[in-house]
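Residues per chain are reported as follows:
4 protein chains.
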Amino acid sequence: MSRRLLVGVIGAGSIDVAGAALAEEIGRRLAESGAVLVCGGLGGVMAAACRGAAGAGGETIGLLPGSDADSANNDVSIALPTGLGHARNVMIAQVSRVLIAVEGEYGTLSEIAIGLKLGKPVVVFGRWADLTGVHRVETAAEAVELALRLAVESRPADLNLS
Amino acid sequence: MSRRLLVGVIGAGSIDVAGAALAEEIGRRLAESGAVLVCGGLGGVMAAACRGAAGAGGETIGLLPGSDADSANNDVSIALPTGLGHARNVMIAQVSRVLIAVEGEYGTLSEIAIGLKLGKPVVVFGRWADLTGVHRVETAAEAVELALRLAVESRPADLNLS
Amino acid sequence: MSRRLLVGVIGAGSIDVAGAALAEEIGRRLAESGAVLVCGGLGGVMAAACRGAAGAGGETIGLLPGSDADSANNDVSIALPTGLGHARNVMIAQVSRVLIAVEGEYGTLSEIAIGLKLGKPVVVFGRWADLTGVHRVETAAEAVELALRLAVESRPADLNLS
Amino acid sequence: MSRRLLVGVIGAGSIDVAGAALAEEIGRRLAESGAVLVCGGLGGVMAAACRGAAGAGGETIGLLPGSDADSANNDVSIALPTGLGHARNVMIAQVSRVLIAVEGEYGTLSEIAIGLKLGKPVVVFGRWADLTGVHRVETAAEAVELALRLAVESRPADLNLS
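Order-wise, the sequence lines are chains A, B, C and D. The numbers in the numbering used here rise by one with no breaks, and the one at position 21 of the first sequence is 21. The numbers in the numbering used here rise by one with no breaks, and the one at position 85 of the second sequence is 85. The numbers in the numbering used here rise by one with no breaks, and the one at position 50 of the third sequence is 50. The numbers in the numbering used here rise by one with no breaks, and the one at position 48 of the fourth sequence is 48.
These aren't lab readings, by the way, just hints derived from the structure by calculation. Watch out, some of these pointers could steer you wrong.
Claimed, not checked - Derived CB-CB ranges, DEER-like:
#1 B:Asp130 with C:Ala56: 47 to 55 Å
#2 B:Ala141 with C:Glu138: 50 to 58 Å
#3 D:Arg149 with B:Ser2: 49 to 57 Å
#4 C:Ser2 with B:Val17: 23 to 31 Å
What the hints assert, rightly or not - A few chain B residues facing chain A, derived, Cβ under 8 Å:
#5 Ala87
#6 Val90
#7 Gly107
#8 Leu109
#9 Lys117
Unchecked claim - In silico contact screen, one side only, chain A against chain B (beta carbon under 10 Å); selected entries:
#10 Val17
#11 Leu42
#12 Glu105
#13 Leu109
#14 Glu111
#15 Ile114
#16 Gly115
#17 Leu116
#18 Lys117
#19 Leu118
Keep in mind the model is a prediction, meaning the values are calculated, not measured. Heads up, the beta-carbon is just placed ideally off N, CA and C, and yes, glycines get one too.
Chain A on its own, in the form it takes in the complex (with noise of 0.2 Å):
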């Protein structure tokens, strides 16, 4: 078996260039790890990260609100028109091993609170990074490494981090 590993990049649906830098710093370092990025498949951090582990060769999943799958960004690879609606940010926090969150509104907030509540670990950059409960980073390295190693941490065997 090589179950794949799965970390949620969350964040704001528009952002500015630093921030996209950031969002795609952080979906390469995942790609090369060999996890498997998940996240809510529109723009913004979105789009940014899945850019980033799309050009490292990554496996992209974009959980759409839609039911529409070219609603997708062009690097998410697996979309997945879930018809939920905000739903679906709870689907996110459910089935990343992980969360990592880049700024963000309120939406965001939602996905850091379900993550928390389901005791996934949470690294936060930036906005809702002085809740309680949440790991607090500076730089994508920082981010990618303590993600990981929180998600190996809380479940060791069987991830498959190529």
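Fit chains B, C and D to the supplied structure of chain A, relying on the hints for placement.
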């Protein structure tokens, strides 16, 4: 037509005596206003609010995470065993016109965040009351009065507040 | 406690005059029995059943696929805009103690199938009445009587059939 | 961009030797075509199809009803513990471009019905093959060839059938 006004009451699954008295008074006041109480159907704030509403003859809806209607507290008149797990939190925010939060942990925070994301008024006691965008209150009377006013302002017609 | 009995009425989104009369009579008889009508909240069988129930003073729950309570038909008293899309079909089967199906297409078939999967009694008119496991009926009186009997047999205590 | 083609394989949770061989061959042929297998992630048809796909180096997605990734069968590479219960059946139909059904009971019927409701091609072996709107097939080769052709006809561009 007499469309009922649905008010969500969210909060901790276990509470102290003061919290229970507060939630019970909120439930009673909502029922006296003709509103239908929506909650997660289980214990703590949910059970206390239902007890208050049921005691005043109100209808109480419990959106349960599991598949068993019998898991609802005794004062839920309309038990809805969604089977959706944590995604039922999103449902509570979706179906309520306004939310009242009493303390609570990460599950409550996820409901507040989804409510704000959906543009619904959110009235908050205690924890999470410092979150940008919520309406902070101190008493049950104030909470119910404000919630009903915000609900009616956001949609004045057709609501049945008998 | 007075837990209400929830009966789901499912079926075609557009129907002829005879179908509407049938669904309306089912709604009326359910309300007269003290049951709460659960449906998808839109047109056709749903609207006719709600009209019958509301005319008899009954409570009517509409589990809507979208996020807008105003999309419910005029006789839905408790509009629940789930935002879950087609997954709201599963919700209808989950929360109802028994289902009554009046004609309908593939959406109705999915609800019947989930109901049977969950072990719920399913009472069927017309199309899909030949499916193994359903109870075939011919009149509204027969449908409601059978549905209430099957609901009570499967769970005799606590139900409020005033 | 290389958007992957997602093909859902649905069916009985327990099967005989002939059924397992059939499902395994379907999985193998899908993987050889470059498609990603989507299923419910558990036993029977799901496990056999995943075994076939994994043996041919394919990616396999398991949309699990519960919250535990470890409940997936050993050949699921991407385990998605939705926590949505039976609503995950709707997800399988939502995210797949085409469905292949192998035997199965009411759960499978619900997935076929949702697929047809969504206008997706549904290729069926054995039980439920007489349902209006499905494509009846007799062999694994025929099923996969037809499913891929129908998927491409319904959306010709961008699909990565390497």
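**Item:** Ala141 of chain B paired with Glu138 of chain C, Cβ distance criterion 50 to 58 Å
**Value:** holds, 55 Å
**Asked** Holds or violated: is the Cβ of Leu116 of chain A closer than 10 Å to a Cβ in chain B?
**Response** Given a least distance of 4 Å, the restraint on Leu116 of chain A holds.
**Message:** Leu109 of chain A was flagged as interface toward chain B. Is the shortest Cβ-Cβ separation under 10 Å?
**Reply:** Holds - the Cβ of Leu109 of chain A comes within 10 Å of chain B, reaching about 4 Å at its closest.
**Hint status (Cβ of Ile114 of chain A to nearest Cβ of chain B, threshold 10 Å)** = Holds: closest Cβ of chain B sits about 5 Å from Ile114 of chain A, inside 10 Å.
**Item:** Residue hint Gly107 of chain B, partner chain A, criterion CB-CB below 8 Å
**Value:** Holds, because the Cβ-Cβ distance from Gly107 of chain B to chain A comes to roughly 5 Å (cut-off 8 Å).
**Asked** Is the shortest C-beta separation between Val17 of chain A and chain B less than 10 Å?
**Response** It is violated, given that the least Cβ distance between Val17 of chain A and chain B is near 25 Å, above 10 Å.
**Prompt:** Does the nearest C-beta of chain B fall within a distance shorter than 10 Å of the C-beta of Glu105 of chain A?
**Reply:** holds, 7 Å
**Asked** Does the Cβ-Cβ separation between Arg149 of chain D and Ser2 of chain B fall within 49 to 57 Å?
**Response** holds, 53 Å
**Asked** Holds or violated: is the Cβ of Leu109 of chain B closer than 8 Å to a Cβ in chain A?
**Response** It holds, given that the least Cβ distance between Leu109 of chain B and chain A is near 4 Å, below 8 Å.
**Asked** Against chain B, is Gly115 of chain A within 10 Å by beta-carbon distance?
**Response** holds, 8 Å
**Hint check, Leu42 of chain A versus chain B [nearest Cβ-Cβ separation less than 10 Å]** = With a closest approach of 14 Å, the Leu42 of chain A hint is violated.
**Message:** Checking hints one by one. Is Ala87 of chain B an interface residue toward chain A, by the C-beta closer than 8 Å rule?
**Reply:** holds, 4 Å
Hint violations for this structure: numbers 10 and 11, all remaining hints satisfied.
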